[in-house]
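Engineer: Let the hints inform the model, and build the full structure from the sequences given.
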Amino acid sequence: MLLARVEGNVTATRKHPSLNGWRLILCQPISAAGKPEGVPQVAIDPHGAGLHQRVLISSDGLAARKAVGNERSPARWMIVGLVDEKEAA
Amino acid sequence: MLLARVEGNVTATRKHPSLNGWRLILCQPISAAGKPEGVPQVAIDPHGAGLHQRVLISSDGLAARKAVGNERSPARWMIVGLVDEKEAA
Amino acid sequence: MLLARVEGNVTATRKHPSLNGWRLILCQPISAAGKPEGVPQVAIDPHGAGLHQRVLISSDGLAARKAVGNERSPARWMIVGLVDEKEAA
Amino acid sequence: MLLARVEGNVTATRKHPSLNGWRLILCQPISAAGKPEGVPQVAIDPHGAGLHQRVLISSDGLAARKAVGNERSPARWMIVGLVDEKEAA
Amino acid sequence: MLLARVEGNVTATRKHPSLNGWRLILCQPISAAGKPEGVPQVAIDPHGAGLHQRVLISSDGLAARKAVGNERSPARWMIVGLVDEKEAA
Chain A
7 MLLARVEGNV TATRKHPSLN GWRLILCQPI SAAGKPEGVP QVAIDPHGAG
57 LHQRVLISSD GLAARKAVGN ERSPARWMIV GLVDEKEAA
Chain B
7 MLLARVEGNV TATRKHPSLN GWRLILCQPI SAAGKPEGVP QVAIDPHGAG
57 LHQRVLISSD GLAARKAVGN ERSPARWMIV GLVDEKEAA
Chain C
7 MLLARVEGNV TATRKHPSLN GWRLILCQPI SAAGKPEGVP QVAIDPHGAG
57 LHQRVLISSD GLAARKAVGN ERSPARWMIV GLVDEKEAA
Chain D
7 MLLARVEGNV TATRKHPSLN GWRLILCQPI SAAGKPEGVP QVAIDPHGAG
57 LHQRVLISSD GLAARKAVGN ERSPARWMIV GLVDEKEAA
Chain E
7 MLLARVEGNV TATRKHPSLN GWRLILCQPI SAAGKPEGVP QVAIDPHGAG
57 LHQRVLISSD GLAARKAVGN ERSPARWMIV GLVDEKEAA
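Protein chains in written order, with our numbering: chain A, 7 to 95; chain B, 7 to 95; chain C, 7 to 95; chain D, 7 to 95; chain E, 7 to 95.
Some hints here could point you the wrong way.
Since the list can't tell identical chains apart, any single copy or any two copies may satisfy a pair.
[To be verified] Computed list of lysine to any residue pairs in SDA-like fashion (alpha-carbon distance at most 20 Å, straight line):
#1 72 <-> 26
#2 41 <-> 90
#3 72 <-> 43
#4 41 <-> 14
#5 41 <-> 17
#6 72 <-> 35
#7 41 <-> 88
#8 41 <-> 58
#9 41 <-> 53
#10 41 <-> 11
#11 41 <-> 91
#12 41 <-> 20
#13 72 <-> 23
#14 41 <-> 51
#15 72 <-> 40
#16 41 <-> 29
FYI, nobody ran anything at the bench for these hints, they're computed from the structure.
Structural biologist: Structure (structure tokens):
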């Protein structure tokens, strides 16, 4: 899993049918200090994350396919947690 | 999934038979601002993306193999959505 | 597996249920000399690693899912060893 | 899949038995413009690629294991296409 | 697979039981010219690689789990070949 910050939505009218009805969120991986680290990922979001919120994202394709309920889905990254605002380091 | 921009086609007469008949698209992952991020990927394209179009690509090998209908296919990256031109951030 | 240094905890009240009860540790991959290398990962921790401790982390989703006892879990990275303080190079 | 350029062979007398008889090719991922991008990969080569030739490589371990005919093989990257010299962008 | 150079051992008294009895080797991926490329990986070593030796490493978790004989093992990277000293480019 990666710590990431929500950068916005991606809308795609034409897409794999398993992605219909899911919010697609552009997530920038970050360090503990909030510095961008590596390539932004587009994740499905079952949690309703807000813009600029810190989230946990996972690249586990098996779990993402189970979440969308479609074994043929290309979904791979998923928001799996919303980071609490005041966390102890 | 990654947000990416179509950079062109790749043509390979000699290739794995499961790739015959598929367009092979060179996709540059980008940030929300359109900046290149990380290594370009060659993806199969069931959607007919145009040059310089923004797309969503997925690295899910299982879904790609199901798309080409060949469990022995080395296909792994696939274009899974065409990003709408005017998206809300 | 990667050699990494513990950078802190991540707390997320709202998260995938399979992650409940697990410590989520932000781990910075490092070189033999301790230099940061690549993107920090959030790993589950069955070993009780301390802050700034050097650890081994693995990205094996299958093993992580077995550790949490939930085949639908998005857990993927796990702390799989605590590095001894005085190691022979 | 990645677009890559052949950088040379790697010879290893002592290796996993499933790799016996396969050419092991060091492949540098490149952009459309031929610029090196990311980490060089060692791939098995069923196509007979030449030095400095542009190729497509795939990281699909399942397909590579099927190619070598050994489910226990650690082979993961494979050359899956030879890029035509004069391609349309 | 990656071409890599052995940078040293990692010793971890407390670790996943499937790793007991295995040498854990810190491997720096390198280019054909020997330049470091990307993040160092900790690999299990069934071949007895020496310090600074060039090796082939694979990230295939399935093969690594079969090597250690434990389907629940988090082992993922493995040394799968020792590169010959005088190789033809």
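Engineer: The structure should be examined with respect to each hint, and the outcome stated for every one.
Structural biologist: Each hint tested on the structure:
1. Taking the shortest Cα distances, residue 72 and residue 26 sit within 20 Å of each other both inside one copy (15 Å) and across copies (19 Å).
2. For the homomeric pair residue 41 and residue 90, the shortest alpha-carbon distance inside one copy (18 Å) is at most 20 Å, but the shortest distance between copies (29 Å) is not.
3. Taking identical chains as interchangeable, the C-alpha atoms of residue 72 and residue 43 are never at most 20 Å apart, the minima being 28 Å within one chain and 29 Å between chains.
4. Taking the shortest Cα distances, residue 41 and residue 14 sit within 20 Å of each other both inside one copy (17 Å) and across copies (15 Å).
5. With identical chains, the CA atoms of residue 41 and residue 17 are at most 20 Å apart between copies only, with a shortest distance of 18 Å across copies and 26 Å within one.
6. Taking the closest pair of Cα atoms, residue 72 and residue 35 never come within 20 Å of each other, the shortest separation being 23 Å inside a single copy and 26 Å across copies.
7. Within a single copy, residue 41 and residue 88 get their C-alpha atoms as close as 18 Å, which meets the 20 Å cut-off; across copies the closest is 27 Å, which misses it.
8. For the homomeric pair residue 41 and residue 58, the shortest alpha-carbon distances inside one copy (13 Å) and between copies (19 Å) are both at most 20 Å.
9. In this assembly of identical chains, residue 41 and residue 53 lie within 20 Å of each other by CA distance neither inside one copy nor across copies; the values are 23 Å within and 28 Å between.
10. Proximity of residue 41 and residue 11 under a CA criterion of 20 Å is satisfied in both settings, with 10 Å inside one chain copy and 17 Å between copies.
11. Taking identical chains as interchangeable, the C-alpha atoms of residue 41 and residue 91 lie at most 20 Å apart only when both belong to the same chain, with a minimum of 17 Å there against 29 Å between chains.
12. Within a single copy, residue 41 and residue 20 get their C-alpha atoms no closer than 33 Å, and across copies no closer than 23 Å, so neither meets the 20 Å cut-off.
13. For a Cα distance limit of 20 Å, the shortest separation of residue 72 from residue 23 qualifies both inside one copy, at 15 Å, and across copies, at 14 Å.
14. Taking CA atoms no more than 20 Å apart as the test, residue 41 paired with residue 51 passes in neither setting, with 22 Å inside one copy and 24 Å between copies.
15. Taking CA atoms no more than 20 Å apart as the test, residue 72 paired with residue 40 passes in neither setting, with 30 Å inside one copy and 31 Å between copies.
16. When the C-alpha separation of residue 41 and residue 29 is checked against a cutoff of 20 Å, the pair qualifies neither within a copy, at 25 Å, nor between copies, at 23 Å.
The structure is inconsistent with the numbered hints 3, 6, 9, 12, 14, 15, 16, although it conforms to all the rest.
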